[in-house]
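Enquirer: Listed below, chain by chain, are the residues.
Protein chains: 2
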Amino acid sequence: MNRLHATYLIETSFELEKAINTMAGEQSTGTFVKIPGESRELMEKYAAKVENIEVLGTVAAPSLPHAKHKNNPIQQARITLSWPMENIGFNLPNLMATVGGNLFELGQFSGLKLLDIRLPDAYGKYFDGPKFGIQGTFDSLGISGRPILGTIIKPSVGLDAEATANQVKTLIEAGLDFIKDDELMGSPEYNHFEDRVDACMAVINDYADKTGFKPMYAFNISGTIDEMLNRHDYLLEKGGTCIMLNLNWVGFSSIQHIAKHSQMPIHGHRNGWGIFSRHPLLGMEYPAISKVWRMAGVDQLHCNGIRNKFCETDESVIASIKSCQNPLWSLQDRALPVLSSGQWAGQAFDTFEAIQNTDLMYLCGGGIMGHPSGIAAGVESLKYAWQAAMEGQSVSEAREKYKVVDEAFQFFG
Amino acid sequence: MNRLHATYLIETSFELEKAINTMAGEQSTGTFVKIPGESRELMEKYAAKVENIEVLGTVAAPSLPHAKHKNNPIQQARITLSWPMENIGFNLPNLMATVGGNLFELGQFSGLKLLDIRLPDAYGKYFDGPKFGIQGTFDSLGISGRPILGTIIKPSVGLDAEATANQVKTLIEAGLDFIKDDELMGSPEYNHFEDRVDACMAVINDYADKTGFKPMYAFNISGTIDEMLNRHDYLLEKGGTCIMLNLNWVGFSSIQHIAKHSQMPIHGHRNGWGIFSRHPLLGMEYPAISKVWRMAGVDQLHCNGIRNKFCETDESVIASIKSCQNPLWSLQDRALPVLSSGQWAGQAFDTFEAIQNTDLMYLCGGGIMGHPSGIAAGVESLKYAWQAAMEGQSVSEAREKYKVVDEAFQFFG
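Residue numbers (my numbering), protein chains in the order written: chain E, 899 to 1311; chain L, 899 to 1311.
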């Protein structure tokens, strides 16, 4: 397969095929000039092709405003376009411009959402993809057979390096595998990146020396290219094992650059993702963009979680997790799904039922800190809930067997 | 002013102040844990502050789905939050994570759009901003007192380097000041970046030698960091005068990196912008994001145009143009607004009336190529229309005076 495929949900009051042809034209040859015969042949070779149109039905009112309106029923359809990969080359910003560029503004459409992409095989050979991915992250921690359990440093801002390190100490002594910076935490005056690394890695290295287990801390290195490279190197020198990037804002070119350099897994934070995903007929679904992030080299990818505090439906969460876990070309290019937002022991059961594996990172904030028997009991409640879910126990069996799980259900359920 | 301000349009069925406090919390301290007294003080210092709430009215149905619903009227409001700049530091990805991060997914809101931002003064001293901006771009061309007139190479894809150069020759001989690559054109097999630069710059340099006027060609250098730096250097060596970036996909960190290095103006293409802007209650308005692009160093910024073929309203287009032209801290940090999409001689009159200046780049495709008397007449029709508009002539006066303007109105009007 040497063509790039993209599937869209579209809505239009225009004649369907005409509207789709406009879309295909805008995203490829986009010509409006007369050109001689030879060039026309060349051009036709590189035009986007409409692969499939599946009419879904009609709607009473346009989903998005400001579309041009024809006096026809407003139809929704699922359609697939394809491009020869020669159009794009091995170029991620141009890949995004092709599948996710001007087309959202086209006047013919009162709805347009990119649902998924299918990548040319040559991309699998060219792009390095995640250096660590699922297996590499688990190997780095020496964990297997259960999800990686983690949390986020809160307050997100306001803590100095020492207070952060104190919190890290409490959290890893309570049994957590993984801790991350909040996406808002960078290198503020009162908590410089280097100070935070010094203080937190001292605690983590000390814990590793004593116990033989080294928890992973994802430090947010997002900044300029030079800052990110320097922060990566500084962290590596101090024994760090994970970097975090604000993916939407550092951008694809920067992700590629840092990933090439990185000797640690990249924890991919998708803040701003609501812009892309919140409206059912605008933007893109997670499988589309996350595949490109994986090609760029991101190892761990945020997916929300079941019954999250945000607006994402469980169906969408599950589809995102499955997509991240599904190989593009090999097991190595799978990304580790990071579940978070309103998570506690309770969702272990639904999540395992939907996914049937534990290739996950499971982050809880209140679900650990708020446990009525304390933080260590909060962590235990997660371990037991996941173990019970994996063993096929029902919620009531697990509550009966594990006091900390029962307490979690009483408190959070 | 040492705080960052952001103004939002929001919609919620929750008690307004509570919902806004959640939003402010999520985007700053975001705490849910009990912390000791000293840390609490520290934290309160860095919490986001609600500066203003202006209730706009109520709506019958939620604008976005999946919000949590309280049995209250659904209110819309314009609100302003502020953060101490210490939270963010001089860090553009973290600035975006603060004003444009997780908040779009918050369950309390059935609508949330970032309208504008106001930047701390210290940013003006720290960030270089556009190296060329409006004045630098006009100076590079040696043009003054009228808009820079340009076009886009079409077909967007499919042309080889030689065919592109032939088209460039035709276009500059017809009198155009500026030409740009399509955003889909990168460095495909059939038209390598270096080949295109060689062929097109030969034509442009030759024309400059003969006439003393050197048109500007914005080559799309978007790619990896190394590719972009190499392409910049290659182009500079061949006498090039402008580079183009696909801003949303290369990302803020990459833009900063390239801008620091660049010795040419950066033409900022915003493809994908429809995702951010198309829904009136989701994403962001252009003044917000374009200010951050300007701090990162972008010189020329796409704004659509009046009566464009896309979905943007004229009101929004005008607001974008004015925002780009409005200094952040100095005349140097203004960005050159690039008007395009469905433009021809006709919009010169409305545009000048709204803007009252010619600090613009005015790009036409069909509006030049499709002119009934040919391409040179198309360019002439733009020059005369702008001249007439600047002199305060009415459309009918201009049509009477200039045949090519009259033909344009007959054909495109």
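Any given hint might turn out to be false.
Identical chains blur together in the list; that is why a pair holds if it fits in one copy or across any two.
[Claimed, not checked] Heads up, simulated EDC-like pairs for lysine to aspartate or glutamate below, C-alpha to C-alpha not over 16 Å straight-line:
1. K1108 to E1092
2. K1158 to D1124
3. K966 to D1212
4. K1220 to E1092
5. K1052 to E942
6. K1220 to D1248
7. K1281 to E949
8. K943 to D1058
9. K916 to E1305
10. K1108 to E949
11. K966 to E984
12. K1207 to D1107
13. K916 to E1213
Think of the hints as simulated: they come from the structure by calculation, not from any bench.
Enquirer: Sort out which numbered hints this structure fails and list those numbers smallest first.
Expert: 1, 4, 7, 9, 10, 11, 12 and 13
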